[in-house]
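Colleague: The listed protein sequences derive, respectively, from chains G and B.
Take the first sequence: its letter number 103 is residue 103 in the numbering used here, and every next letter is one higher.
With positions in the second sequence counted from 1, the corresponding number in the numbering used here is that position plus 324.
A hint or two may mislead.
Calculated cross-link-like contacts (lysine-lysine; reagent style BS3-like; alpha-carbon spacing at most 30 Å) [what the hints assert, rightly or not]:
hint, chain 1, residue 1, chain 2, residue 2
1, G, K82, G, K52
2, B, K567, B, K604
3, B, K481, B, K568
4, G, K105, G, K228
5, B, K568, G, K215
6, B, K361, B, K455
7, G, K62, B, K441
8, B, K543, B, K568
9, G, K180, G, K159
10, B, K445, G, K41
11, G, K41, G, K62
12, G, K52, G, K105
13, G, K41, B, K441
14, G, K228, G, K82
15, G, K63, B, K776
16, G, K308, B, K445
17, B, K481, B, K517
18, G, K41, G, K180
Read the hints as simulated data drawn from the structure, not as lab findings.
Bear in mind that the values here come from a model prediction, so they are computed numbers and not experimental data.
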Amino acid sequence: MKKLRQFILVIIAVIVLSSCTKDRYSPIDEHVSLAATVNIKDMTITFIDLEKKTRMVDWEMKKPYTGAVILPDGDSLLLYGKQVETVDLYSLKSGSLIDSWETGKGIVNGKLLKTSSTIALVDQNLSEIRFFDFEGVEQWEVRTERNPLTILESEANQKLFVLSFNKEILTVIDLNKQEKLNGFPIHPSAAGAWLIENRNEIWIGGHGAGAEIEKNIHVYDSQSGEFKRNIAAPLMPVNFLGYADHVFVLSHGTSMLYKLNENGEVLESVIVGANPFEMIVRTDQLLIAGYDSNDLHIIQPDSLERMKTIPVGNGPFQIVLRER
Amino acid sequence: MKRLTSSLTRKLWLTIIAAIVVTILYSYFLSYFFYEKLYVENVETALLEEGRRLALEYEGGPLSDDLKERIDWYSSKSETEIFIVNNPRELSACLPFDIDYESLISGEEREDLLAGKAVQKLGYEERFDRKIMAVVIPLLDENRLEGIIYLYIPLTKISEVTTDFAYLWLIAAILFLVLAIFLGTFLVRKLTKPLLEMKHAAGMVSKGDYSVRINNHSKDEVGQLALAFNHMATSIQKEDERKKEFLANVSHELRTPVSYVKGYSNALLTGIANSEDASKHLMLIYREAGRMERLVGDLLDLSRLDSDDYQIIMHPLPLAQLIEDAIQKYLPKIKEKNLQFRYELDPDIIINGDEGRLEQVLQNILDNAICYTEKGSIHLKLFAIEKGCCIEIVDSGIGIPADHLDKIKQRFYRVNKARTRKDGGTGLGLAIAEQLVILHGGSLIINSTIGKGTTIQIHLPVLE
């Protein structure tokens, strides 16, 4: 009888302790430069050591996060998802949940603004861009067209460009005045954009409307909104990056990475992964996540040579970086 | 419902029809189910194989126009609708972006295709606005889903086949049902006809017509019942005839002495007869009265013997002694007829019996022996046999014709139907004798040759 009581006590203790560690994940060494991929098919986050180019650890999340931002402290991993009620902050070094911001559902994108210590969250349920400080206090918000998704910051002009999926209008927000400026009409189903500030050009990609597939990058004047030209980059250019006077464009329909000069001439192209959506750059390295191939490709930006392919969780949809 | 099931014919008919209908429906649904299942599976497998063969044409990289043309050409020749798709939108490549577009394949299906698995679909497809059966074969270049081959056939084609089948089935089922109803009705009639006949025949019997018979030669239970009924009717008829004959016999037997008595007494009363004749007439009246008394006595005995409460009082007795005593009464009579008489008796035989009744048996038999033997001898023996003892009475009388032998023990049965006074007994003697012997646990056997004589054996059990 005494043994039984002890046994029951041990069981209860195990249950209580395990419930305490529910939201605790493997801690990440705070001195490592890393990339983290948010994998939406299996709801994991894969951490990759960028020096060793190896997969460090996977966190199996309990909520369907679709994206992440690493705050300037280099430790707080902010996670959001359209179906998640809160924006959750995890400490990388402790592996535990440190804060939850009550935002409600609908957050599909987030970006640290370079012009202020603010984070811009894209809320599709409210059709708003919501600006938060790092404490999770909402500072202000701007109403946009229906289903905003891509946001792009112009440091020079202190503006935020917002692409809406369903409305053929580019919304422009003045970050200084904290107000919406006049937008201008663009092509349908736009996604992914890049600013070439010295030429006053905004390059906008997309998926294409209905059965139509987007084959081109549409170039508009970033001031007047005037359509300038198309640059062929089939199929479905959705991600853009500028690095060393070149623009890198990722077309997920053909799994193609294009390297263009600022005049819009395609210099090189290469097939990377399968159905890649996400691309990020660091010094001499382009990181590209293959959504269908469940891997992260490290590409040399000059030659477009593949340096390494690292398997990650299923459906990598976003990459975030932390440099040390 | 009560009216419906009130007759056996209806019950049987309803049972047969219900069984047939249930069988038809059951087999219909079962075969329909299997037919469709097997056919659909077969079509699905064929589509899958066709798709895989076509997929072999793909050699990697983006889908070439040549391949598309070849697939189009093949589709135009094939009964199956086949098309090749490389539009990433249709392949759900933009899925995480929540694009408002009903793509050809879903996200889950895309996962299967990416894993190299073919996808099978069955049901309504909004794209084609109809029910289809489809097979989707992935065209993979490493892990990139470059395209798919989509093969489908409208389900109406399949259901057309099953509908045709169903019509054929329905026609065959109706024909079968009609045939089965006819056959069933015929069968039920055939089964119940003898029963109706029996009911009718039983009615006739109860009305007194015992000659009715059922004409059924089948060997089944109904046939056996008909046979049993016929047996019963025959028995009743025989019994009835025997009863009638018995009554006729009794009245006949009584009428003869009664007419004698009436005639002679009339003569005496009217004074027609002189004194000499008068004493003769009185003698005749007396004799006939005695005969009536015997007859009535015998009838009384018989009716007692027939009833269950007739009792014989058994006690051990030496049979030889009993026989010897009985013989003494007949010796004068035998001498009178000038017959030779011998007897051999085993004195050791002791039986358990009723003295009076056994004497009656002997009397009846000896009466007959003396009566029907004009000259010659009568020989009586008592001896032990294996199962008891035997009293054998052998005479050299007129004998009994062979065709009368088996009936001679029946009541009032006589070889000489004329019933002359000379040889006319009551016709009950042997019947009574046999009943008594049977009551003693024995048997009475009669053997006879016409003109040579009769041998009667009485077998009786002895006291151990």
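Colleague: If a hint holds in the structure, say so; if it doesn't, say that too.
Modeller: Results of checking the hints against the structure:
1. G:K82 x G:K52: 33 Å, violated
2. B:K567 x B:K604: 37 Å, violated
3. B:K481 x B:K568: Violated, at about 86 Å.
4. G:K105 x G:K228: Roughly 37 Å separates the two Cα atoms, so the pair is violated.
5. B:K568 x G:K215: 124 Å, violated
6. B:K361 x B:K455: 16 Å, holds
7. G:K62 x B:K441: 29 Å, holds
8. B:K543 x B:K568: 35 Å, violated
9. G:K180 x G:K159: 10 Å, holds
10. B:K445 x G:K41: Distance of about 23 Å is within 30 Å: holds.
11. G:K41 x G:K62: 12 Å, holds
12. G:K52 x G:K105: 37 Å, violated
13. G:K41 x B:K441: Between K41 (chain G) and K441 (chain B) the Cα gap is close to 18 Å, so the pair holds against 30 Å.
14. G:K228 x G:K82: 34 Å, violated
15. G:K63 x B:K776: Given that 30 Å is the threshold and the Cα spacing comes to 129 Å, the pair is violated.
16. G:K308 x B:K445: 39 Å, violated
17. B:K481 x B:K517: 53 Å, violated
18. G:K41 x G:K180: Judged against 30 Å, a Cα distance of about 35 Å means the pair is violated.
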